[in-house]
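Enquirer: Chain residues, written in single-letter form:
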Amino acid sequence: MAEVCLTGITKRFGKDVALDDVTMTIPDGSFVVLLGPTGAGKTTTLRMVSGLDAPDQGRITIGGHNMVGLTPAQRDVAMVFQQYSLYPHMTVRQNLEFPLKSPILRTPQADIDRKVAEIAEILQISSKLDNKATALSGGEMQRVSIGRALVRNPSVYLMDEPLSSLDAKLRADLRLELKSIQADSGATLLYVTHDQIEAMTMATHVGVLDKGRLVQFGSPREIYENPVSIYAASRLGQPRINVLPADIFGGAPSGAASIGLRPEQIVQGEGEESLVQRVEHLGDQTRLHLTCKSHDIITVTDAHTELKPGDIVRIRPRNPFYFDATGARLA
Amino acid sequence: MTDTPIDKAAQATPEPLARRIRGLSDRSIAWIFVAPTIFLLLAVNIFPLIWTIRLSFTDYRVNRPNREVEWVGLRNYERILTDPDVWATMQATAHFLIWTIVLQVLIGFALAYLINKKFRGNDLWTTIIVFPMMLSPAVVGNFWTFLYQPQIGLFNYVIAFFTGADPASFSMIGDVHLAPWAIVIADTWMWTPFVMLICLAGLRSIPDSIYEAAECDRASKWRQFWTITVPMVLPFLMLAVLFRGIENFKMFDLVVQLTGGGPGNTTTLTSIDLKREAFEKWRTGYSSAYAVILFVTVFGLASIYVKALNKVKER
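These protein sequence lines are chains A and P, in that order. The first sequence begins at 1 in full-length UniProt numbering and counts up one residue at a time. The second sequence begins at 1 in full-length UniProt numbering and counts up one residue at a time.
Source of the hints: derived by calculation from the structure; they are not laboratory data. These numbers were taken from a predicted model, which means no experiment stands behind them. Fair warning: there could be bad hints in the mix.
Claimed, not checked - Here are the computed lysine-lysine pairs in the DSS-like style, where the Cα-Cα straight-line distance is at most 30 Å:
1) 101/A / 275/P
2) 128/A / 115/A
3) 128/A / 169/A
4) 132/A / 101/A
5) 117/P / 15/A
6) 293/A / 308/A
7) 101/A / 179/A
8) 132/A / 281/P
9) 250/P / 132/A
10) 117/P / 128/A
11) 115/A / 307/P
Said to hold, decoys possible - For the chain P half of the interface with chain A, some residues (derived, Cβ under 10 Å), not all of them:
12) 70
13) 217
14) 219
15) 225
16) 227
Every residue, glycine too, gets a C-beta built ideally from N, C-alpha and C.
All chains, full assembly: derive it from the sequences and hints.
Expert: Quick look at the structure:
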């Protein structure tokens, strides 16, 4: 396991800038989640670290060693691909064995068998070991693809949306499983997703990418509680942060263009009048869709609320975020 | 009974279109569509086959239609299978078949592997390489006779250039030992591109991401080649071998034009021999038996092969 450092990484594909001067340090044994919408540069970052693509500028070190010009094999990285990339002519077992059967490793067959069985158990694919890789469902393929990385003990694991095609229950199971594997083994893991629950539950660090730039890097709590911009603030939190004109409640500092309110930053029962548009009972919580001075606000209220559409609720902000006209946070 | 909702729904469901229009069932419509094909197949394939099998038990000669036809039982088959000349043609065919397939697979795969690399103008090279395949076999046979010319032929000149031998000292077509190789070389020149195209289709069907995964799994290029490229192209390669095998088993035009079956009988392939028996010596009964034997051989070999092919695909 090792620390991974990216310094000033820039990558262009033709005229498109995929990564723009990205600098970040992935500490040894950390679980770093890269968050951002499609096209933000998450996958490109993974491919830079893996060595499948070379950056135009900047350097990458793994465990203090310069990685420029080294192949993925020399970098000793294990990667889970978004499109699975299983070996279609092999069985599940052969797929899982493949990385261990590398001639340089000379792993004894008994060790291989034990490792494969162990990983298959964790990923709940033991019964499918002798199936052909192409005869699996999307979720099963994805698990085999994760397993192919986990059988190894590389210096860094790279995972590209590995849970995206699993059903909700399996995804929740595997989130816990991946987190505990990583915590137990002390592995360094770089993980790409656009699912904020995965980011919040698993990450020790979150990197928020926006159009190829790393806009914020820190613990999930830090990014949630102290976002640097509207963009970073909107990455985490459900329901999403409400962004309204700054003057709507009064008391905005000078230079503020908008105010950001997470549900817990909205006090109900006092302040401005707002109209209840819709009430969503989710079981453990209830979401209120409000309009305040013709602006939509979504917040959370008591699970057993008696409110119904047409009611009036008074709301006021508490410790809100203020942003300037460019979307950057005001101190 | 007819009042239940299900019955009502059943009654409300419109009948199939065909029945409403002409009073024909879907099944009869299907038969009407298929019938012309079935008739054609019976007329041009099945009937001649059965007729040939029937003739193979007689001494019928098509150039003497008024002669009494005698039923000879298995005598034609016996004569063919015990004739050393027939076995010699079989041997020539086997030599031709095996070597053309071996060479075409090796060279075709190698070319496809190289062409599949990303380099400037590889599409142009593909077109150039595929060119021989577009020519008529008779034309190819004809101009290889010029290439093989001891005095003026380019082939002899090139061989002489590299070995230092006298170009006029050997004749590819005239020599009993070289002639079987002359036809192998000409056929390989013509049909290797075909094998290459099929291999190329196989190679292009392997997504880059699989190689990337293997790269991350620390497989060397050598291991990637043997564990990914070869197994994934194998079904395509086997298909190419099947096509080439069937084609070359009945090889006629190119070889007739190039060597005419000579010198002696060294390049007389079975199909050439068969044609002489049937349409030069007019031994129709005998050649029918000959044709049946060849048919059973090809059919048997091809069936075994297709089974193996399917097994490879299932893996």
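Enquirer: Against this structure, judge whether each hint is valid.
Expert: Verification of the hints:
1. At roughly 56 Å between alpha-carbon atoms, residue 101/A and residue 275/P are farther apart than 30 Å, so this suggested pair is violated.
2. With a C-alpha separation of about 16 Å, the suggested pairing of residue 128/A with residue 115/A holds against the 30 Å cut-off.
3. Restraint check for residue 128/A and residue 169/A: satisfied, since their Cα atoms lie roughly 19 Å apart, inside the 30 Å limit.
4. Between residue 132/A and residue 101/A, the direct Cα distance comes to roughly 18 Å. Compliance with the 30 Å bound is thereby established for this hinted pair.
5. For a cut-off of 30 Å, the pair hint linking residue 117/P to residue 15/A stands: about 25 Å separates their Cα positions.
6. Proposed proximity of residue 293/A and residue 308/A is supported: the alpha carbons are some 19 Å apart, at most 30 Å.
7. This hinted pair checks out: residue 101/A and residue 179/A have alpha carbons roughly 26 Å apart, not beyond 30 Å.
8. Between the alpha carbons of residue 132/A and residue 281/P the distance comes to roughly 57 Å, so the proposed pair goes past 30 Å and is violated.
9. Straight-line distance between C-alpha atoms of residue 250/P and residue 132/A comes to about 38 Å, which puts the hinted pair past the 30 Å bound.
10. Pair hint residue 117/P plus residue 128/A does not hold up; C-alpha atoms about 36 Å apart against a cutoff of 30 Å.
11. With a C-alpha separation of about 36 Å, the suggested pair residue 115/A and residue 307/P falls outside the 30 Å cut-off, and the hint is violated.
12. Because the smallest distance between the Cβ of residue 70/P and any Cβ of chain A comes to about 58 Å, over 10 Å, the interface hint for this residue is violated.
13. Proximity of residue 217/P to chain A holds as hinted, the smallest CB-CB distance being about 4 Å (cut-off 10 Å).
14. Interface hint at residue 219/P: satisfied, since its Cβ lies 7 Å from the closest Cβ of chain A, which is below the 10 Å cut-off.
15. Below 10 Å, beta-carbon pairs count as interface contacts, and residue 225/P has none with chain A, the closest being about 13 Å; its hint is therefore violated.
16. A cut of 10 Å between beta carbons decides the hint on residue 227/P: the least distance to chain A is about 8 Å, and the hint holds.
Of the numbered hints stated above, those contradicted by the structure are hints 1, 8, 9, 10, 11, 12, 15, listed in ascending order.
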